[in-house]
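Asker: Please model the entire structure based on the sequences and the hints provided.
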Amino acid sequence: MHPYYYFALKLFLSASFAQVSDSVLHYATTPNGFTTPPRGWNSFGLQSLQDGKKLVLNQESVIAQCDNLETISHLGYTYCSLDSGWSVGCNGDENGRTIYDSSIFNIPALATILHDKGLKLGIYINPGFFSGDKDKVIEGTNVKFSSIAATGDGNPEFNCRLNANWDVPGAQEYCDSNVKLWASWGVDYIKLDYVNPGSPEGGTLPSNSSGAVACYHRAIEKIDREIFLEISWKLDWRLDWANDIYKSSADAMRMDQDINNSGEGTLVSWSTVQRTIEMYRQYILAQQERGANFALTIYPDLDNLYVGNAQSLTGITDEQRKSVMAHWIGAGSSLLLGSDLTQLDDFGLFLLSDGLANEIAGFTAKYPMRPLRGKAGETAGYQHQVWIAGPDPATGVAVILASNYGTQGDSRWFIEEPSDDPYTEKIILDSNYGLNGELDYLVEPAWNSTQKFTLAASEPWRVTLGDSATRMFRVTPLRAPSSLPSRSATRTVFSDTKPSITDPSTVILTRRDQQPSLIMQSTYPIESPDCGDYPELGTLPKAFNTQDGRVDQKGLLFRLRNMICNGTCSAPEGIPHFNVAVVEHSGGCEISVAISDKSEAYGYRSSPNWGVEQQQCWDSTAYIIERCMRVPNRHCWWNGNHVFQFYEIGFRPLNTNTSYHGQFDVFLNSSLTPANGSVSVRNVSSTSVAVSKSLPAVVTLPTVGPPLTAAQSQITTSPTISASVPAKTGGTAATSAHEVYQLVFGSLLWLAWLG
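Residue numbers (mature numbering (1 follows the signal peptide of the UniProt record, and there is no 0)): -23 to -1, 1 to 732.
Keep in mind that a hint or two might mislead.
What the hints assert, rightly or not - FRET-style restraints, in silico, Cβ to Cβ:
hint, residue 1, residue 2, range
1, T181, N119, 29 to 39 Å
2, E393, G242, 29 to 39 Å
3, L455, G332, 13 to 23 Å
To be verified - Below, computed lysine to aspartate or glutamate pairings styled on EDC-like, alpha-carbon distance capped at 20 Å:
hint, residue 1, residue 2
4, K111, D144
5, K121, D144
6, K352, E393
7, K94, D529
8, K531, E603
9, K575, E513
10, K111, E47
11, K199, D295
12, K211, D235
13, K403, D387
14, K224, E198
15, K352, E266
16, K519, D507
17, K30, E241
18, K111, E134
19, K224, D170
20, K519, E550
21, K224, E266
22, K157, E116
23, K157, D201
24, K224, D144
25, K211, D28
26, K519, D574
27, K352, D213
28, K31, D44
Just so you know, the hints here were simulated from the structure itself, not pulled from any lab data. The beta-carbon is built from N, C-alpha and C at its ideal position, and this holds for glycine as well.
Answerer: Structure, rendered in structure tokens:
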């Protein structure tokens, strides 16, 4: 396929799906630039066990836990998060900044140890400043802390802290000074606890500390480091003004109180699990009422994930552990394990490592599950519930959970008294589930994917559920919905004389660290690639500095390949978000990374990432990198086995108009630094923009300098494709869908005339 023809086809596809891509409740990029919730481990549950069992929080105990986290880091579990107890308790440094307790931690050294393992460091903080630091001066100012103290509701002291008036001079500088310090240590994640309105401590907390959330968000925007901001606990999302602050500043927020068994010998009970699921049900129904096109810019946190240990420590049965895992995945929740990682059992590893469950987690990071029973505003749910996530408008794929919450918990969370009678859920995949009832479906059960089966259109399907049981399924239409192009097989003949792959097992697949990974094979043949060169790019850097070490050209391309083929379509591991542009459209994905002042590395797939096409994405892009990228400044493309299935990877001019982000005037302004120092690169951190764009979608971009207006700070592309971000000289700010069609069909007619 000629690149010009392909460019016209890309424009045609993006315009074709412009009306349908966001027709269901979905997650959009979070305020700090994230497109997936965090996965990893948090210390709080183990710290809260009874004496003799509890974790003694110090550097050694954390390293012992997170050494085991490394064994599942390839599944995305990378955050090693310290809860309360890591810092000096009742005072800051000379400028009032929160610092680590050096008798038990060396945080910079810990960060280095974790980063060397491909892991990330999280810390825990509270709003406000230390009450004993009132006479200290905030860094970079002549303002004393006493000048920023809040005056409302008596400003009760809590945890040695006082609330601040977050709008007065000095308050923002305080947040800035803290985040700058923590970033210099290597912190990647911040949990901001005791936030109000919400945190249930009666009169012992200030009534409103929400300004701290916005303050820390603005501080994170100013640094040259990617930091995830999570807030807790039980945030009051029912107050519109508070919810507006939370969702515009934080990346995840807690749905409920702590679910762990404080001071006991086990970690969690089924009744508290039921409670947090009910709080999520109320929350997501309230969000759904806002409209089908409403995008959530903050992930829910159902609290720590207690699924890794046997019942004797976890406190719930294996059936309940599976139910917990399914609900946390289905909600698109943070997946921070609260388990003892030194005692992971086989069933816990089975729950965490199931391939289909992890693919579903990638899906629900975009489409959260919603309950089919119950209404918004109700304060109790149903013992028997069915949840639906999606469907993805581009593919028709959806996720279904069927649950029986049983009688082992707390009946207060149900409208009717729970029954222990056997229960069978009857499911018909039709419009009641938001699905096309005229299609046949492939049904794949998580944690039992070998038992997949097909359903004829509108054929009933029955799921029998025992007490506390949940079953999670991915359902995939076996032919395209009417809004999708035909998926009939086609062939494209290339001028390239390279042979086609006849033995996919010869393709060496690698992880981001270029170590051998599981070899995945396609049962269908794949055409050989064609390539183009850009000699005008000059000499590209041979290697680059990333947040987790040095990576060469080939390693960078593999990182791009991993993110376009694993279903997440997000910034590659270790690459700061301000060096990356991510565009999703109609099931396709393009990821670009600036590598010099005139070049970028990129990867692209045109088709939805499901079924055999997902496999061909892995094979095609791996083959391109291993076999075709031996010439400097090259990019290669490859047709898959079906129409509209296309893959591309390599290097090209920076912000070219043949890229998706270039087409819509979303430009990379900051590049990776070369590891060898031989190439001069632009690194304009003061104007860098975190770009993550889902077409059509609304994406809020971090501001630089004075706040942008509402029109300037958003990209709205339905039904008119527009971009109000820094543009090239002479660049257009908006292109209507009608204009796109004119361009496409004019181009196709011109190509046909040329023969």
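Asker: Give a verdict on every hint.
Answerer: How the hints compare with the structure:
Here the CB-CB span from T181 to N119 is close to 33 Å, well matched to the stated 29 to 39 Å. In this structure the hint that E393 and G242 lie 29 to 39 Å apart at CB holds, the actual value being about 33 Å. Separated by about 21 Å at the C-beta atoms, L455 and G332 satisfy the suggested range of 13 to 23 Å. Between K111 and D144 the CA atoms are separated by roughly 17 Å; this keeps the pair inside 20 Å, and the hint holds.
Taking the CA atoms of K121 and D144, the gap is near 15 Å; set against the 20 Å cutoff, the hint holds. Taking the CA atoms of K352 and E393, the gap is about 15 Å. The hint holds against a cut of 20 Å. Between K94 and D529 the alpha-carbon distance is near 18 Å, which keeps this suggested pair within the 20 Å criterion. Restraint check for K531 and E603: the C-alpha separation of about 8 Å stays at or below 20 Å, so the hint holds.
With a C-alpha separation of about 9 Å, the suggested pairing of K575 with E513 holds against the 20 Å cut-off. This hinted pair does not check out: K111 and E47 have alpha carbons roughly 42 Å apart, beyond 20 Å. Note on K199 and D295: the hinted pairing is violated, with a Cα-Cα distance of about 45 Å set against a maximum of 20 Å. With a C-alpha separation of about 8 Å, the suggested pairing of K211 with D235 holds against the 20 Å cut-off.
A distance of roughly 25 Å separates the Cα atoms of K403 and D387; the hinted pair therefore is violated under the 20 Å criterion. Among the hinted pairs, K224 with E198 is consistent with the structure: their alpha-carbon atoms are about 15 Å apart, no more than 20 Å. Distance hint between K352 and E266 is fulfilled; the C-alpha atoms sit about 10 Å from each other, no more than 20 Å. For the given pair, K519 sits about 23 Å from D507 by alpha-carbon distance, which is inconsistent with the 20 Å threshold.
Distance hint between K30 and E241 is fulfilled; the C-alpha atoms sit about 9 Å from each other, no more than 20 Å. At most 20 Å may separate the alpha-carbon atoms for a hinted pair to count; K111 and E134 meet this at roughly 13 Å. Straight-line distance between C-alpha atoms of K224 and D170 comes to about 16 Å, which keeps the hinted pair within the 20 Å bound. Taking the CA atoms of K519 and E550, the gap is near 19 Å; set against the 20 Å cutoff, the hint holds.
Among the hinted pairs, K224 with E266 is consistent with the structure: their alpha-carbon atoms are about 16 Å apart, no more than 20 Å. Simply put, K157 and E116 have alpha-carbon atoms about 11 Å apart, close enough for the 20 Å limit, and the pair holds. Taken as a hint, the K157 and D201 pair is honoured in the structure, with Cα atoms around 9 Å apart against an allowance of 20 Å. The suggested pairing of K224 with D144 holds, with an alpha-carbon distance near 19 Å, which does not exceed 20 Å.
Taking the CA atoms of K211 and D28, the gap is near 27 Å; set against the 20 Å cutoff, the hint is violated. The hinted pair formed by K519 and D574 meets the criterion: a straight-line CA distance of about 15 Å does not exceed 20 Å. Of the supplied pair hints, the one linking K352 and D213 holds, its CA atoms being roughly 19 Å apart against a limit of 20 Å. The hinted pair formed by K31 and D44 meets the criterion: a straight-line CA distance of about 19 Å does not exceed 20 Å.
Against the hints set out earlier in the document, violations occur for numbers 10, 11, 13, 16 and 25.
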